[in-house]
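Numbers 112 to 335, taken from the working numbering, label the letters of the sequence shown in order.
Keep in mind that the hints were calculated from the coordinates and are not lab data. Keep in mind the model is a prediction, meaning the values are calculated, not measured. Hints should not be assumed to be uniformly reliable.
[What the hints assert, rightly or not] Restraint ranges, calculated between C-beta atoms of paired labels, are given here:
id, residue 1, residue 2, range
1, Phe209, Ile283, 18 to 28 Å
2, Ile324, Pro250, 57 to 67 Å
3, Arg160, Leu275, 22 to 32 Å
4, Tyr328, Ser296, 33 to 43 Å
5, Cys144, Lys221, 12 to 22 Å
6, Pro250, Asn152, 24 to 34 Å
7, Ile322, Ile146, 39 to 49 Å
8, Lys235, Ile289, 11 to 21 Å
9, Tyr142, Asn318, 14 to 24 Å
10, Gln156, Tyr252, 38 to 48 Å
11, Phe280, Tyr233, 19 to 29 Å
12, Ser332, Lys223, 18 to 28 Å
13, Gly251, Tyr293, 45 to 55 Å
14, Ala254, Leu177, 43 to 53 Å
[Unchecked claim] Under the rule of at most 27 Å between Cα atoms (straight-line distance), these lysine-lysine pairs were calculated in the DSSO-like manner:
id, residue 1, residue 2
15, Lys164, Lys329
16, Lys315, Lys164
17, Lys263, Lys226
18, Lys235, Lys315
19, Lys164, Lys263
20, Lys263, Lys329
21, Lys164, Lys222
22, Lys186, Lys316
23, Lys188, Lys297
24, Lys315, Lys186
25, Lys329, Lys222
26, Lys226, Lys316
Note that the Cβ used here is the ideal one computed from N, Cα and C, for glycine as well.
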Amino acid sequence: MVIKNILLFILFSISIQAYALRDSTNRIGSYHCGIFIENKNLSPQNFGRFNFKSVGLQAGFRSLHLHFSINFFNKEKFQNNNYLLGDRDKRKTPLGGFNTGFTIIPYYNKKKYVKLIYKFDYYKSNVYGGSKTLYEFSPGYFANRTYNFDDKFESIFLGSGLYLNYRDFIAIQATFQIGINYQSSKNSHIIEHIYSSNSYDYTKKDNAFLIGISLHYKIHSNGK
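Given the sequences, and given the hints that come with them, work out the whole structure.
So this is what it looks like as structure tokens:
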């Protein structure tokens, strides 16, 4: 845990230093906004893997980019891989939560087709589902009994990547981030683990990493 926090601090320090670097002459405009789509793989050590498809908005000034996206995942596939439950409840959409954060691209206005970037993200993810079990309410009479749950996860990531762009309007971005994944003690699989074990010790917070690749389209303005 200590080594991980030191690495996060070093990466954060580098990103702040990079942002302090002076941009070159305004070539295409200091202000920018746009849209992006992204494919992400979030792998925490204390729970199963999230494979997100995302769509988002971004806006910024020179080197600083703020972004927000909503995340989707295949609910049935995720639950089959990560939960030991019965039939799933299909009462909710596959919306998997959201993430927000910022990206720093040093020397944003310099004419470079490949740039090194630094990226910070906060994730909030939900898993909606349920379990159906056969319940005998009297001899010879049975019925299905359904248990629904909303499991919640939060994650913080910091890392770097490459930004491949064409005239700073269309770009492909690839990033690798490390961080922490936290899951609520009210999550169904934690509760099941506690009740089925002689030990009440369960890690709710642990290391995680995230790999992402995204496609961006932006427009620029000098502003007044």
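Results for each hint:
| no. | hint | verdict |
| --- | --- | --- |
| 1 | Phe209 <-> Ile283: 18 to 28 Å | holds, 22 Å |
| 2 | Ile324 <-> Pro250: 57 to 67 Å | holds, 58 Å |
| 3 | Arg160 <-> Leu275: 22 to 32 Å | holds, 26 Å |
| 4 | Tyr328 <-> Ser296: 33 to 43 Å | holds, 41 Å |
| 5 | Cys144 <-> Lys221: 12 to 22 Å | holds, 20 Å |
| 6 | Pro250 <-> Asn152: 24 to 34 Å | violated, 50 Å |
| 7 | Ile322 <-> Ile146: 39 to 49 Å | violated, 21 Å |
| 8 | Lys235 <-> Ile289: 11 to 21 Å | holds, 18 Å |
| 9 | Tyr142 <-> Asn318: 14 to 24 Å | violated, 37 Å |
| 10 | Gln156 <-> Tyr252: 38 to 48 Å | holds, 45 Å |
| 11 | Phe280 <-> Tyr233: 19 to 29 Å | holds, 27 Å |
| 12 | Ser332 <-> Lys223: 18 to 28 Å | holds, 21 Å |
| 13 | Gly251 <-> Tyr293: 45 to 55 Å | holds, 47 Å |
| 14 | Ala254 <-> Leu177: 43 to 53 Å | holds, 51 Å |
| 15 | Lys164 <-> Lys329 | holds, 20 Å |
| 16 | Lys315 <-> Lys164 | holds, 25 Å |
| 17 | Lys263 <-> Lys226 | violated, 35 Å |
| 18 | Lys235 <-> Lys315 | holds, 15 Å |
| 19 | Lys164 <-> Lys263 | holds, 18 Å |
| 20 | Lys263 <-> Lys329 | violated, 33 Å |
| 21 | Lys164 <-> Lys222 | violated, 30 Å |
| 22 | Lys186 <-> Lys316 | holds, 23 Å |
| 23 | Lys188 <-> Lys297 | holds, 22 Å |
| 24 | Lys315 <-> Lys186 | holds, 22 Å |
| 25 | Lys329 <-> Lys222 | holds, 16 Å |
| 26 | Lys226 <-> Lys316 | violated, 33 Å |
Violated hints, listed in ascending order, are 6, 7, 9, 17, 20, 21 and 26; each of the other numbered hints is respected by the structure.
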